[in-house]
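Engineer: The chain contents come next:
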Amino acid sequence: AQSVTQLGSHVSVSEGALVLLRCNYSSSVPPYLFWYVQYPNQGLQLLLKYTTGATLVKGINGFEAEFKKSETSFHLTKPSAHMSDAAEYFCAVSESLRYSTLTFGKGTMLLVSP
Amino acid sequence: DSGVTQTPKHLITATGQRVTLRCSPRSGDLSVYWYQQSLDQGLQFLIQYYNGEERAKGNILERFSAQQFPDLHSELNLSSLELGDSALYFCASSVTIGDEQYFGPGTRLTVT
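From first to last, the protein sequence lines are chains A and B. The first sequence begins at 148 in my numbering and counts up one residue at a time. The second sequence begins at -1 in my numbering and counts up one residue at a time.
Note that these hints are calculated values from the structure, not bench results. Only a predicted model underlies this, so the values are computations on that prediction, with no experimental measurement involved. Each residue gets a CB set at the ideal place from its N, CA and C atoms; glycine is no exception. Please note that a few of the clues may not be correct.
What follows is a list of derived Cβ distance ranges for each label pair [stated by the list, open to error]: (1) L81/B with E211/A: 38 to 44 Å; (2) L154/A with P68/B: 40 to 46 Å; (3) D97/B with E213/A: 21 to 27 Å.
One-sided excerpt, in silico: chain B residues whose CB lies under 10 Å from chain A [what the hints assert, rightly or not]: (4) V2; (5) L41; (6) Q42; (7) F43; (8) Q46; (9) R61; (10) Q99.
When you get a sec, could you build the whole thing from the sequences and use the hints?
Structural biologist: What follows is the structure, encoded as structure tokens:
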């Protein structure tokens, strides 16, 4: 069975600082990995995804993530935080695009201070 | 706006009751997914439909059922409601199985 662990339910950064949100996964087959963002009172929006190919994936709003198979990780980063980045971020794994059902982590709330 | 619509936005009901949540996928999307988000369980996949047929089941209780209609909209039926069923229920859709999923704004269910 697949699973996702997100380290830290809350991460606080200052505006302009590096954002690093950690995600580790467990999967019995090569995984497909996703990061979603959820703003207050809204649904989830896909930030980026890794399926195959290049392990460094660039997404929207300046975010990127690197798939590291040896570390079973898919950490999300952004060089410089903006106030508008404050939201909850979810890492998710799918074992097969054929069925594409997602298993989500518990989420990490990103707090950005001026 | 993802293009996925869900109604109602909020629903308050009593224990033991039955409710129906509705989802309209994006135009052209054939696959619909239902997820439940609660404080203790997080985001969990419930069930997936593709072009009217059930394709995958997750942690969906027997008291819950869903269907996808010929016009591709979907309904999630929750019966014999318990306090623990209070949660945010999301619908997502994709063009076909394996494509990016677009999430609706959710229906917040409160069981009192």
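Engineer: Taking each numbered hint in turn, which are not upheld by the structure, reported in ascending numerical order?
Structural biologist: Hint 9 contradicted; others consistent.
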